[in-house]
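Colleague: Just so you know, the protein sequences line up as chains Y and F, in that order. Counted from 1, the first sequence has number 225 at position 218 by the working numbering; the numbering is strictly sequential. Counted from 1, the second sequence has number 155 at position 89 by the working numbering; the numbering is strictly sequential.
What the hints contain is simulated information worked out from the structure, not anything from laboratory work. Treat the hints with care, since some could be wrong.
[Said to hold, decoys possible] List time: in silico DMTMM-like cross-link candidates among lysine to aspartate or glutamate, alpha-carbon distance up to 25 Å:
{"#": "1", "chain 1": "Y", "residue 1": "349", "chain 2": "F", "residue 2": "185"}
{"#": "2", "chain 1": "Y", "residue 1": "84", "chain 2": "Y", "residue 2": "301"}
{"#": "3", "chain 1": "Y", "residue 1": "330", "chain 2": "F", "residue 2": "150"}
{"#": "4", "chain 1": "Y", "residue 1": "330", "chain 2": "F", "residue 2": "88"}
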Amino acid sequence: MSGGEAHVENSIWMRAVLIGGVFLAIGILAFATMGVGVANVKHHAYEDAIHKYEDAKYAYEDAKAANASESEIKALKEAKEEAHHHEIEAHLSYLTWRTAGITILLMCLTYAAFIGLGGFLNSIYPDDAGHDDHGYGGDDHEHHGSGSPIIFSLGIMLFLMGFPSFQGALGNMLSGVEANLGDLGLSMLGLVIVTAGVANWWREDLPFIGNHEQIATSDPFEGQHIRKAGLWVFIMSEVMVFATFFSSYLRMRTEWCTGWQVNAGNCEEVNMLTASDFLRPNGAMLDGLGGQGDFMTLLPGAINTFALIISSYTIVLALKTAKAKDWEAPSGFMGKLLPDQKSAVRNYLIATFLLGSMFIVLKLIEWSHLVAEGFTIGTQAGSIFYISTGAHGLHVFIGLLVMLYLIFKADTVGYDEKNGQGIEYFGLYWHFVDLAWVVIFPAFYLY
Amino acid sequence: MGEHETSGIFESIVEKLPGGYDIYFWNFIILMFFTLFEVAAVFFEKIPGTEIEITLYAVWAILIGVGVIKGYGIAAYFMHLKGDPRIYTRTALFPVLFVLLMLWGIGLSNPGSVQALPEWCTPNWEFASQR
């Protein structure tokens with residue numbers, strides 16, 4: 008072992024495998040309770056609501072055919088509309104629980120596979136192998152870079168090469184059509200190589216306690232940490248990605264006659280419904296769709312906005328705690344949550360992780376409601392909405408996978424003022440994701 | 067690295083506030099407040115308690131204004147751009163050039179731009195177009 012690194016026994020990685028098992032158990036439990044148990048109860052309620060609506064509809068039509076009195080027809084019409092409203096509510100309630108259960112299951116399966124497989128791959132290394140000069144270098148070794156990005160990129164390349172047949176085979180499997188399992192091969196190999204690349208990076212980074220951080224030696228970042236400069240260049244490229252989505256949206260939107268434009272007198276008839284027409288109150292209607300938004304439909308997006316801001320703050324608190332030289336445990340209830348500096352950093356990261364996970368669950372619940380109400384990816388407004396918010400959600404999810412490792416390191420080697428920059432660099436990415444939402448939320452949800 | 071200078075106006079105000087909370091805390095509170103504000107601006111058709119309608123242009127102004135404030139709060143304080151060397155701010159602002167180019171492209175390719183752009187750019191357009 009070199010003097011500039013923490014001593015990490017390979018057996019410590021078995022803890023990651025155990026954490027993977029815990030995620031697996033949480034996912035199965037959440038799916039069994041929410042996605043099956045509660046969702047089945049809600050499905051029965053939904054079926055009852057359908058029957059009640061059909062009864063109310065027939066009663067109304069029969070009354071009309073029998074020339075019943077006007078007041079009786081009016082009362083039956085109101086009863087029919089109320090039953091229809093209940094049916095929609097029951098459907099959305101069922102979708103909420105079903106989608107939440109499935110989403111949590113899939114997220115936990117991915118968490119379990121990611122951290123479990125990464126931990127397992129590192130645990131099978133002989134103890135000596137983890138302490139050569141492939142990490143950030145010891146006192147007597149000069150650092151010569153990492154192979155992890157190359158392995159990772161190779162995995163991504165294979166995954167994308169196999170993706171057309173992968174998604175075709177997956178689609179066939181989900182719709183019950185016979186699928187050729189060989190079509191999944193290339194992408195699955197890519198995913199395994201991605202995980203191996205990430206696991207290799209973990210093995211290199213875990214012993215890092217802040218010695219020999221690489222410094223740029225030439226302009227324009229001379230004297231700055233290379234990792235930080237690299238992350239800012241990466242964020243710059245991410246700004247471009249989101250700018251293309253946003254400019255496509257703006258370009259399309261200039262041609263649409265939305266409810267906003269009609270109200271402002273810029274055109275006469277609504278020809279396109281946007282997501283905000285389904286989500287916010289007073290949204291426009293077109294062909295019987297939209298215009299049903301209220302406080303509750305806007306709530307998931309609003310909660311998600313607050314969740315991202317709070318998570319941005321908790322990651323700042325994690326960094327601040329890690330860097331603090333004279334940290335003192337708070338008193339009272341918070342003292343139990345944050346008993347010592349190492350646990351406090353870990354728990355702030357866990358809070359960030361939980362808020363991010365909640366963001367994904369609420370996002371998919373919201374999507375399921377929008378699709379059920381007729382806002383599909385088949386329209387121009389739908390495609391740009393789902394692509395933009397989906398790309399953002401994917402960024403959140405990738406951030407969550409990275410955060411799993413940060414939590415693992417905070418729990419094992421720990422973060423302090425010397426190696427806390429790991430949290431800072433991840434925090435930059437996480438804040439960028441929050442920043443992108445600052446643009447997406449008003450543009451797609453409110454306007 | 068990642069530490070804030072305490073020389074700005076906002077920082078000097080924060081230092082005088084009671085409770086001993088730091089700039090990150092107040093930045094967080096401001097972000098939460100403005101998010102509530104932008105949701106409320108869209109939620110209400112009229113300013114609560116009055117008959118004043120919130121027009122399309124008022125909503126635009128609120129959403130863009132709040133977006134700029136929130137963006138500044140996140141980039142300057144949470145992402146440490148205010149305390150970090152200038153090169154990071156320049157790196158972050160570099161793509162803005164391309165964003166402006168895209169917006170220019172959107173403006174030019176807008177169906178109404180052939181008529182609307184000269185209108186925006188020419189003073190007394192009606193008189194000019196009648197001649």
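Colleague: Please write out, lowest number first, the hints stated earlier that are contradicted by the structure.
Modeller: 1
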